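Asks: One line per chain: the protein sequences are A and B, in this order. Residue numbers 581 to 1137, in the working numbering, belong to the letters of the first sequence in order. Residue numbers 247 to 529, in the working numbering, belong to the letters of the second sequence in order.
The reader is advised that the hints may include incorrect statements.
Below, a list of computed lysine-lysine pairs in the DSS-like style, where the Cα atoms sit at most 30 Å apart [claimed, not checked]:
#, chain 1, residue 1, chain 2, residue 2
1, A, 953, B, 520
2, B, 461, A, 612
3, B, 433, A, 728
4, A, 1014, A, 972
5, A, 807, B, 507
6, A, 985, A, 1032
7, A, 765, A, 736
8, A, 641, B, 520
9, A, 953, B, 507
10, A, 585, A, 761
11, A, 807, B, 372
12, A, 807, B, 433
13, B, 372, A, 985
14, A, 764, B, 449
15, B, 372, B, 449
16, A, 641, A, 1035
17, A, 697, A, 641
18, A, 985, B, 507
19, B, 372, A, 761
20, A, 985, B, 251
21, A, 972, A, 1035
Here chain B is said to cover these stretches of chain A; the calculated rule only asks that three of the stretch's residues, wherever they fall, bring their Cβ under 8 Å from a Cβ of chain B [as the list claims (entries may be wrong)]:
#, region
22, 820-834
23, 913-919
Treat the hints as calculated values from the structure; they're not laboratory data. Values in this document were obtained by computation on a predicted structure and should not be read as measured data. Here a beta-carbon is modelled for each residue, glycine too, at the ideal position from N, C-alpha and C.
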Amino acid sequence: MTGQKINILFGGEAGQGLQTVGPILARCLVRKGFSVHVTQTYESRVRGGHNIFAIRVGEKKISAPCDRIDLLICMNEESFQIHRDELTDDALIIGNEEWDIDDDRWIGLPFKMFGEKLYWNMAVTGIAAGLIGLDQESMGQVIDDTMKSGITKENKRVLAAAYKWLEEKENKFKILSGINKIQKKWMLTGHEAVALGAISGGIKFCSFYPMSPATSIAQTLINHSQKMGLIVEQVEDEIAAINMALGASFAGVPSIVPTSGGGFALMTEGLSLSGISETPVVIVIAQRPGPGTGLATRTEQGDLWHALHSGHGEFPRVIYAPGNVEECFFLTRKAVEMTETYQVPAIILTDQYIAESFQDMDQIDIETLPFIKPGADASEISVPYNRYWITKNGISPRLLPGLSKQLVIGDSHEHTELGHMTEDLTLRPRMVDKRLKKGDMLKDEAVLPEYKGSKKPEILFVCWGSVKGAVEESAEMLKSDGKKAATLHFSQVWPLYPDNFLKYLENVDRVIAVEGNATGQFAQLIRRESGFLIENRISRYDGLPITPDFIMGRTNR
Amino acid sequence: MINIKDYGDYETAWCPGCGNFNLLEAVKEALAGQGLEPHEVLFVSGIGQAAKTPHYLNANVFNGLHGRALPVATGAKLANPGLIVIADSGDGCMYGEGGNHFLAAIRRNIDITVLVHNNQIYGLTKGQASPTSDRGVVTATQPGGVVSEAFNPLATAVALRAGFVARSFAGMKDHLVTTITEAINHKGFSLVDILQPCVSFNKVNTFKWYKERCKELSSDYDPSDWAAAMEKSQVWGDEIPVGVIYRNERPSFEESYPLLKEGPLVGQNVNRSKLAEIMDSYT
């Protein structure tokens, strides 16, 4: 059954343990060689509300969420009511036998049989795992490997009871066929990939103020801080976060600052400080719907302009927007490299959806990945040293304070080459030019937009960041309908070079920009930079991720 | 042998008679007196007349944003605890714009020295009230007189059990040198609130006004007595106590990071085999 995809959705209240069992099932699938794509949506509360943990699984690469549900696992009756219209005809619904559900696809499970409420989540997970053909032993192994040792025994008891109950029933479901050659894979969320990519690239310092959905980056770094020798400090506010990171970076330690739109708003003066003092820093903006507090736990791509236009004054910056977990890993590495090499701030735009989406990623050889060694070697510098020497390419060698006899002077004022504040108005334009020149060099380092699909398409989707998978799947769906479709995905959204993309946009019947915001920020940016007007837009700004079905419903109109 | 000349002599942008001159000399004298070389020291400052100080001496410098000297200093110290880190700025920068960082840095007890040039007025922006301006002081922007109660930096620092809390006066040079030296040598957060006249914009708290009031603490004063320090930090008026008001020996922030016991963060490589082990846990 090659090409088969199953969408499994856990629905329930916060506190019912969806986020505990969801990853266990997903991980077991990845270990078996399947591709998974997880979507988590939840309300801004610790208990109650309606939460979703959806796992889309298949034998081939899955890169987008799906609106239709094949297996609905209800932790409460409300979940059935909410999702009944999204079920496929041959779907199954699992829930408590005590609920009054009239549906042919219903499997009532005696929740009470499995003991305390605490274990009901594992009971339904066992049933789901059994239905799709996962063996009990492999599920038990994931429980052993990932749950706290004190609770594995009881959970495995419940798992066994679920498999036993299922054995006695005759419920038929789409069994996932086995994968012959298992490629070793990791299962990571977008933010785990950002954090691990950062560590692999040489990041050693992180300062942050907790804010959804950005905190998971700091949390992942904290989890590995002892082993990897990282300092991760929760600070008093976002202003402290960026300034502390700049302090550590100035002293020679590559630094990262994760935040969301509101927190980044507080950091913008610090961003500008990075610009003029030429102090490297990586900033991650995990986007959520604004303005103001907006929807704290939902997703959006609404902060592109914020990232691009924030910070007073003129200075170069680079902005990446990863399209999947793998790109989260590699673009964060790239961000570290760019900020340390060119001494310009590097920004990564993620969002709640990709931040919390577990995805499989092919393993790579970590031991061969290069990492950044910050600063220049003092023995190769002529003296007396000037921190802001005006060089041909604008990059001044950056010595680190205290590591040599040379004095390092960084300044937020306009400054002399030595680093002292100046009112020399003939020097000022030379310093501005020096800084902007570094931006010119970024062209050779640009991550090219990725074009996929028909060479002469009738429809070309243009997108950026996390919507990549959904857009590419839509193009595939159009192709199977006999239409010529293609996609152009940008994982670097700044700087933009028309030479790299204009050729794709011209001579296409319909170019459609697909973005998770209301105003088409990227489409407008394309026009500003290249003059090309993208007339068709598909926008989503209800707080949920863009899905292939969402795009198809708006493409065929 | 290091001497004060190694710390340089620069032309400044300060008004003649400014308290900053004495302060600059005292800092240089304290550093040279400790045998510290300029490259071993990092000055971090914000914005204001006081924040220009690091531009007028030889040392490593990061002159950042208004109010933000403390987080920068903290980050730099954590990155390289071998650096002597001195945050040097004025009352508006440290107590006003940077108030939240002031509280947090004290709580952390990071081993930095904080020199606050406290002239009770905004000098660079030409004479508005500062957080430490006394109630009733009339300025162009507070024409009816300052209504807010003055911020008491020493009482705040003592209340939060800061590692080292002292006051000095720019007109008492020897006292200032001694106090700054003690502050640098203290392991943990050290605050020196330094009273100084602003000859251009503060016509109330003049050199003479401070000179008449500043009195050194008596030799039997015990700075380890927290309750006494709380009381002493409230004294302000006809008499202004100067000296070490409070100190304790609680462990500094960086001492609490086991990681830093193995050496400074700067210069450490990525241990890729350990990272590979971590990646294995994501299978």
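Asks: When the hints from earlier in the document are held up against this structure, which numbers fail?
Replies: 2, 3, 6, 11, 13, 14, 17, 19, 21 and 23
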